[in-house]
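Could you build the full structure based on these sequences and the hints that come with them?
The listed protein sequences correspond, in order, to chains A and B. Under our numbering, the residue at position 32 of the first sequence is numbered 32, and the numbers go up by one with no gaps. Under our numbering, the residue at position 132 of the second sequence is numbered 132, and the numbers go up by one with no gaps.
Honestly, the hints are just simulated from the structure, not real lab data. Beta carbons are placed, not taken as given, at the ideal position from N, Cα and C, and that holds for glycine. A few of these clues could be false.
[Unchecked claim] With a Cα cut of at most 20 Å, we get these calculated EDC-like pairs of lysine to aspartate or glutamate:
{"no.": "1", "chain 1": "B", "residue 1": "704", "chain 2": "A", "residue 2": "16"}
{"no.": "2", "chain 1": "B", "residue 1": "220", "chain 2": "A", "residue 2": "16"}
{"no.": "3", "chain 1": "B", "residue 1": "262", "chain 2": "A", "residue 2": "78"}
{"no.": "4", "chain 1": "A", "residue 1": "149", "chain 2": "A", "residue 2": "78"}
{"no.": "5", "chain 1": "B", "residue 1": "704", "chain 2": "A", "residue 2": "120"}
{"no.": "6", "chain 1": "B", "residue 1": "704", "chain 2": "A", "residue 2": "124"}
{"no.": "7", "chain 1": "B", "residue 1": "565", "chain 2": "B", "residue 2": "477"}
{"no.": "8", "chain 1": "B", "residue 1": "595", "chain 2": "B", "residue 2": "559"}
[Stated by the list, open to error] Taking beta-carbon pairs under 7 Å as the criterion, some of the chain A residues facing chain B (in silico):
{"no.": "9", "residue": "19"}
{"no.": "10", "residue": "27"}
{"no.": "11", "residue": "29"}
{"no.": "12", "residue": "75"}
{"no.": "13", "residue": "79"}
{"no.": "14", "residue": "95"}
{"no.": "15", "residue": "97"}
{"no.": "16", "residue": "100"}
{"no.": "17", "residue": "127"}
{"no.": "18", "residue": "152"}
[To be verified] Beyond 10 Å from chain B on every Cβ pair, some chain A residues (computed):
{"no.": "19", "residue": "1"}
{"no.": "20", "residue": "4"}
{"no.": "21", "residue": "9"}
{"no.": "22", "residue": "24"}
{"no.": "23", "residue": "26"}
{"no.": "24", "residue": "63"}
{"no.": "25", "residue": "67"}
{"no.": "26", "residue": "145"}
{"no.": "27", "residue": "146"}
{"no.": "28", "residue": "149"}
{"no.": "29", "residue": "151"}
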Amino acid sequence: MISLTLNGKRTSIDVDPSTPILWAVRDTLGMTGTKFGCGAAQCGACTVHMNGQPIRSCVTPISAAANATLVTIEAMQDDRVGNAVQEAWVKHDVAQCGYCQSGQVMSATALLKANKRPSDAQIDAAMAGNICRCGTYNRVRAAIKDAAKAIA
Amino acid sequence: MIIDKYLHQALATANPTPTSTTSRRRFIKASVGGVMGIAAVPMLTPLAQAQNAAVLPPGQKPTETPGAFVSIAADGTTTVLCNRMDMGQGIETALAMILAEELEADWSKVRTGFGNAQPNYIDPMMGMHLTGGSNSVKNSYTQYRELGARTKAMLVAAAAKQWNVAPASLSASNGVVSGGGRTAGYGELFAAALKEPVPAQVALKDPSTFKLIGKPTGLKVSREKSSGRQSYGIDVSLPGQFTAVVVRPPVFGAKMRSFDSKSAQAIRGVRAVLPVDLDRGAKGLAVIAQGYWPAKQGRDALKIDWDLSGVEAVDSVKQLAQYREAARSPGLQAPGDQFKADVSAIAKAPRKLSAEFVFPYLNHAQMEPIACTVDLKADSCAIYTASQMPGVDTMAIAASTGLKPEQIAMHVQMGGGGFGRRAVPSSEYLLEAVAIAKAMRAAGINAPVKMVRSREDDMKAGYYRPMTVHRAEIGFDDAGNVLGWDHRIVSQSIVTGSPFEGFLVKDGVDATTTEGMRDPYNVPMKLSVHHPKVNVPVLWWRSVGSTHTAFVMETLVDEIAVATKQDPVAYRMKLMGSDPKHARHRAALQLAVDKSGYGKRKLPAGSAWGVAVHESFESVVAYVVIARMQGQGKAARPVLTEVTAGVHCNLCINPRTVEAQVEGSVVMAIGTTMPGHAITLKDGVVQQSNFNDTPMPRMGDTPKIAVHIVPSNDPPKGMGEPGFPPLAPALANAIRVLTGKKMREMPFKLA
Numbered sequence: 001m002i003s004l005t006l007n008g009k010r011t012s013i014d015v016d017p018s019t020p021i022l023w024a025v026r027d028t029l030g031m032t033g034t035k036f037g038c039g040a041a042q043c044g045a046c047t048v049h050m051n052g053q054p055i056r057s058c059v060t061p062i063s064a065a066a067n068a069t070l071v072t073i074e075a076m077q078d079d080r081v082g083n084a085v086q087e088a089w090v091k092h093d094v095a096q097c098g099y100c101q102s103g104q105v106m107s108a109t110a111l112l113k114a115n116k117r118p119s120d121a122q123i124d125a126a127m128a129g130n131i132c133r134c135g136t137y138n139r140v141r142a143a144i145k146d147a148a149k150a151i152a
Numbered sequence: 001m002i003i004d005k006y007l008h009q010a011l012a013t014a015n016p017t018p019t020s021t022t023s024r025r026r027f028i029k030a031s032v033g034g035v036m037g038i039a040a041v042p043m044l045t046p047l048a049q050a051q052n053a054a055v056l057p058p059g060q061k062p063t064e065t066p067g068a069f070v071s072i073a074a075d076g077t078t079t080v081l082c083n084r085m086d087m088g089q090g091i092e093t094a095l096a097m098i099l100a101e102e103l104e105a106d107w108s109k110v111r112t113g114f115g116n117a118q119p120n121y122i123d124p125m126m127g128m129h130l131t132g133g134s135n136s137v138k139n140s141y142t143q144y145r146e147l148g149a150r151t152k153a154m155l156v157a158a159a160a161k162q163w164n165v166a167p168a169s170l171s172a173s174n175g176v177v178s179g180g181g182r183t184a185g186y187g188e189l190f191a192a193a194l195k196e197p198v199p200a201q202v203a204l205k206d207p208s209t210f211k212l213i214g215k216p217t218g219l220k221v222s223r224e225k226s227s228g229r230q231s232y233g234i235d236v237s238l239p240g241q242f243t244a245v246v247v248r249p250p251v252f253g254a255k256m257r258s259f260d261s262k263s264a265q266a267i268r269g270v271r272a273v274l275p276v277d278l279d280r281g282a283k284g285l286a287v288i289a290q291g292y293w294p295a296k297q298g299r300d301a302l303k304i305d306w307d308l309s310g311v312e313a314v315d316s317v318k319q320l321a322q323y324r325e326a327a328r329s330p331g332l333q334a335p336g337d338q339f340k341a342d343v344s345a346i347a348k349a350p351r352k353l354s355a356e357f358v359f360p361y362l363n364h365a366q367m368e369p370i371a372c373t374v375d376l377k378a379d380s381c382a383i384y385t386a387s388q389m390p391g392v393d394t395m396a397i398a399a400s401t402g403l404k405p406e407q408i409a410m411h412v413q414m415g416g417g418g419f420g421r422r423a424v425p426s427s428e429y430l431l432e433a434v435a436i437a438k439a440m441r442a443a444g445i446n447a448p449v450k451m452v453r454s455r456e457d458d459m460k461a462g463y464y465r466p467m468t469v470h471r472a473e474i475g476f477d478d479a480g481n482v483l484g485w486d487h488r489i490v491s492q493s494i495v496t497g498s499p500f501e502g503f504l505v506k507d508g509v510d511a512t513t514t515e516g517m518r519d520p521y522n523v524p525m526k527l528s529v530h531h532p533k534v535n536v537p538v539l540w541w542r543s544v545g546s547t548h549t550a551f552v553m554e555t556l557v558d559e560i561a562v563a564t565k566q567d568p569v570a571y572r573m574k575l576m577g578s579d580p581k582h583a584r585h586r587a588a589l590q591l592a593v594d595k596s597g598y599g600k601r602k603l604p605a606g607s608a609w610g611v612a613v614h615e616s617f618e619s620v621v622a623y624v625v626i627a628r629m630q631g632q633g634k635a636a637r638p639v640l641t642e643v644t645a646g647v648h649c650n651l652c653i654n655p656r657t658v659e660a661q662v663e664g665s666v667v668m669a670i671g672t673t674m675p676g677h678a679i680t681l682k683d684g685v686v687q688q689s690n691f692n693d694t695p696m697p698r699m700g701d702t703p704k705i706a707v708h709i710v711p712s713n714d715p716p717k718g719m720g721e722p723g724f725p726p727l728a729p730a731l732a733n734a735i736r737v738l739t740g741k742k743m744r745e746m747p748f749k750l751a
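Shown next, in the form of structure tokens:
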């Protein structure tokens with residue numbers, strides 16, 4: 001039994017401790033907003049925040065989240081920065097298939113929490129771990145800049 | 001896919017002229033997305049279907065039934081169902097826009113949803129359920145306009161009856177019927193409207209009065225897709241459901257000699273390990289577990305002795321040598337007069353060009369790995385997956401289960417990307433999931449199961465864009481006049497052996513191999529094709545044949561221009577001439593040239609222009625790009641800095657999604673040029689496994705992209721694929737200017 005704070009709530013999860021956070025969240029808790037893309041920390045679709053840092057939940061065992069604070073895409077609309085990012089995503093019509101966008105939003109939100117006015121190069125660096133096969137990158141970049149203005 | 005282009009031709013010759021009739025029938029109520037009496041689950045008999053359909057008067061075909069596509073709740077919320085699968089191309093929004101335009105709906109109250117495998121939701125031109133060939137808007141534009149207009153007419157008729165006035169005295173706008181001082185929202189009238197007859201003929205709006213069509217519009221599901229709330233096939237969860245992962249043989253089609261599943265069975269959460277029949281006669285194992293992680297752990301613990309005898313072990317290096325050798329001799333003559341020119345003039349031509357091109361196998365690598373949920377019972381089978389061909393899949397599943405087609409329920413899910421991977425003529429991944437469900441039932445496990453592929457599974461499972469070699473011998477004169485162009489293509493046929501063979505293979509040549517050759521250049525070409533049989537399953541991949549033909553055509557034409565000291569744009573314009581058939585090519589190219597500043601703007605030292613134009617799926621895209629080189633020697637790589645697109649897709653329904661499709665195609669095409677972006681085989685085994693060994697374009701690889709659309713009111717064409725083909729050749733042409741190196745291989749080799 002692993003206890004942690006998930007999206008602001010104390011939560012206990014009874015799974016094998018080696019289970020990646022991704023599968024504990026998706027299969028055990030039924031929260032499917034966090035996506036499986038590669039299982040190898042190569043694409044960023046599974047990005048969540050652990051103790052405020054963006055992590056790849058597909059390779060991070062749930063045991064590493066014991067007593068930690070975990071935040072997933074499901075909590076972003078109630079987060080000032082996350083909400084601004086989501087609004088910018090809608091305004092810029094970022095999503096095509098949308099499958100990677102949970103991870104993109106989580107990476108972008110972590111970036112803006114750490115750096116309120118990122119440069120293009122800083123955005124590219126922070127988002128380099130997130131693959132989008134639909135190729136929405138230019139709109140992602142534009143939306144991040146717009147969200148930065150909104151939270152300034 | 002070009003399927004519809006050919007089917008269309010077949011239909012045009014076989015289909016009798018529809019009889020004109022004014023007879024009407026009472027509208028049969030059908031709940032939106034719900035149960036309809038099944039007349040027939042569509043099979044691959046489009047000719048017969050079209051002939052039957054032609055007997056029905058206008059307004060009476062299942063595809064013309066408003067109630068199957070539109071529902072309006074009392075509060076005015078208007079739900080429009082999409083007859084296609086959406087994998088990011090935005091078709092659910094585009095078709096809703098078209099319908100809402102004629103319905104005069106309040107767009108803010110419009111919601112979208114999807115149809116199912118019922119006959120209402122077939123492609124009206126194709127006679128089957130299909131998302132592909134960039135044909136959704138093209139084939140359903142008039143259909144959805146008429147659906148909207150018919151629904152509006154029925155709403156007006158209902159209001160006229162209630163108010164006891166003539167329908168002509170009423171008008172409908174923004175979701176409200178009004179006239180004679182009275183108004184009523186569509187939601188108040190819809191129930192009554194359903195009882196009105198469906199009008200056989202409806203007048204459609206003049207395009208100059210369009211309010212929605214042509215206006216940049218965001219996806220209706222944009223908020224869901226920005227918040228994790230959008231559900232995909234991989235997210236499906238049914239009560240009591242298990243997750244299955246499959247061990248597939250290391251070589252396509254191989255079988256197991258023996259296996260040991262003791263360790264796997266001991267893992268917490270693993271329910272069973274079951275042998276299953278797989279694609280191409282292979283045998284493998286399915287690990288059934290409570291969730292993906294125990295299933296994967298169970299799989300990792302399996303010990304299997306594979307029997308690789310009797311299956312060809314492909315080696316890409318040897319295969320390439322064989323393809324090159326084959327290309328030295330003529331193959332099967334491609335059908336079509338444009339490919340049968342006398343090319344004997346090459347021998348005496350003052351200038352000659354000889355070139356060979358190599359294209360690798362490509363994995364679609366859609367972000368959502370393939371997943372398919374099956375709920376199999378004694379007398380029914382429900383399928384949950386993002387399929388582009390639910391009708392074809394239904395028939396395959398019926399054959400596999402022994403159930404009747406009407407006992408199969410396809411629940412088409414939102415697709416997390418597709419790029420062709422979800423339109424599998426063999427229904428491969430669906431049948432695999434069904435085989436697991438059958439094995440479970442046989443083992444006494446009566447529960448739904450979700451088959452999930454890992455990224456490694458997805459990358460190794462085959463169904464690749466075929467590896468392809470082109471060889472061209474071209475003779476031309478000093479003015480750039482092409483005197484003869486002898487061309488050969490070596491590539492596996494995609495559709496031979498599939499239900500599409502009859503439509504797409506002629507004289508032994510698969511049209512998906514040759515599409516995109518020659519046009520729009522009226523050059524004397526002789527084209528022949530070799531279709532080797534190789535133990536690697538292949539499939540269409542965004543823009544299909546044009547993924548390679550556009551590259552070959554547009555780099556070679558560019559080389560001839562430069563060799564004869566002509567501007568590449570001017571030379572293309574000259575080759576296209578004044579033929580009205582190529583007016584859209586010229587317009588798209590000119591727009592890209594004008595907007596980019598090509599020929600006018602001076603580029604910084606070390607930067608160069610590159611140009612290409614190509615038609616695919618009846619839309620034309622031209623690119624003018626700017627690139628520079630970065631790094632020295634082995635580290636040298638091209639950097640694409642700016643892309644200007646000129647697009648001709650006739651009437652553009654939603655410029656916002658057309659722009660998105662072009663932006664996405666640019667990025668995807670950049671990927672195909674990146675070192676390592678290929679699937680190769682050794683000893684029959686796919687050597688790539690995940691994004692660490694198969695690089696994908698990322699944000700830092702993305703250039704500035706500007707998309708410009710040629711204004712037009714002609715019937716709209718699709719844009720899901722046409723943005724892809726001309727990008728890589730435009731970049732290659734810029735690289736040739738920068739380095740003198742001719743890019744004749746994908747991914748690019750610069751060292």
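Each hint, compared with the structure:
Between residue 704 (chain B) and residue 16 (chain A), the direct Cα distance comes to roughly 46 Å. Violation of the 20 Å bound is thereby established for this hinted pair. For the given pair, residue 220 (chain B) sits about 40 Å from residue 16 (chain A) by alpha-carbon distance, which is inconsistent with the 20 Å threshold. A C-alpha spacing of about 47 Å is found between residue 262 (chain B) and residue 78 (chain A), which places the hinted pair above 20 Å, so the restraint is violated. Between residue 149 (chain A) and residue 78 (chain A) the alpha-carbon distance is near 18 Å, which keeps this suggested pair within the 20 Å criterion.
Proximity of residue 704 (chain B) to residue 120 (chain A) is assessed by CA-CA distance (about 12 Å); at most 20 Å being required, the pair is judged to hold. Annotation: proposed proximity of residue 704 (chain B) to residue 124 (chain A) holds, straight-line Cα distance about 13 Å (limit 20 Å). Proposed proximity of residue 565 (chain B) and residue 477 (chain B) is supported: the alpha carbons are some 12 Å apart, at most 20 Å. About 24 Å separates the Cα atoms of residue 595 (chain B) and residue 559 (chain B), which puts this hinted pair outside 20 Å; it is violated.
For residue 19 (chain A), the interface hint holds, the least distance from its beta-carbon to any beta-carbon of chain B being 5 Å, beneath 7 Å. A distance limit of 7 Å between C-beta atoms decides the matter here; for residue 27 (chain A) the minimum to chain B is near 4 Å, and the interface restraint holds. The beta carbon of residue 29 (chain A) comes no nearer than 11 Å to any beta carbon in chain B, farther than 7 Å, and the hint placing it at the interface is violated. Given hint, residue 75 (chain A) at the interface with chain B, is violated; its Cβ is 10 Å from that chain's nearest Cβ, farther than 7 Å.
A cut of 7 Å between beta carbons decides the hint on residue 79 (chain A): the least distance to chain B is about 11 Å, and the hint is violated. At its closest, the beta carbon of residue 95 (chain A) sits 4 Å from a beta carbon of chain B; the interface hint therefore holds under the 7 Å criterion. The closest approach between the C-beta of residue 97 (chain A) and any C-beta of chain B is roughly 3 Å, which is under the 7 Å cut-off, so the hint is satisfied. Among the interface hints, the one on residue 100 (chain A) holds; its C-beta lies about 5 Å from the nearest C-beta in chain B, closer than the 7 Å criterion.
With 7 Å as the threshold, the beta carbon of residue 127 (chain A) comes within range of chain B, its nearest partner Cβ sitting at about 5 Å, so the hint holds. The restraint placing residue 152 (chain A) at the interface with chain B is violated, with a minimum CB-CB distance near 21 Å, outside the 7 Å limit. At roughly 14 Å, the least C-beta separation between residue 1 (chain A) and chain B is larger than 10 Å, which holds for a residue marked as non-interface. Against the 10 Å criterion, residue 4 (chain A) stays outside the reach of chain B, whose nearest CB is about 17 Å from its own CB.
Under the 10 Å C-beta cut-off, the non-interface status given to residue 9 (chain A) relative to chain B holds; the minimum distance is some 17 Å. Its beta-carbon lying about 8 Å from the closest one in chain B, residue 24 (chain A) breaks the requirement of being farther than 10 Å from that chain. Non-interface call for residue 26 (chain A) relative to chain B: violated, since the shortest CB-CB distance, roughly 8 Å, does not exceed 10 Å. At roughly 13 Å from the closest C-beta of chain B, the C-beta of residue 63 (chain A) stays outside 10 Å, upholding its exclusion from the interface.
Against chain B, the non-interface label of residue 67 (chain A) holds: every CB pair exceeds 10 Å, the least being about 21 Å. Distance to chain B confirms residue 145 (chain A) as a non-interface residue, since its nearest Cβ pair spans about 13 Å, more than 10 Å. Distance to chain B confirms residue 146 (chain A) as a non-interface residue, since its nearest Cβ pair spans about 13 Å, more than 10 Å. With a cut of 10 Å on Cβ distances, residue 149 (chain A) stays outside the contact zone with chain B, its closest approach being about 17 Å.
For residue 151 (chain A), the shortest C-beta to C-beta distance to chain B comes to about 16 Å, beyond the 10 Å cut-off, and the non-interface label holds.
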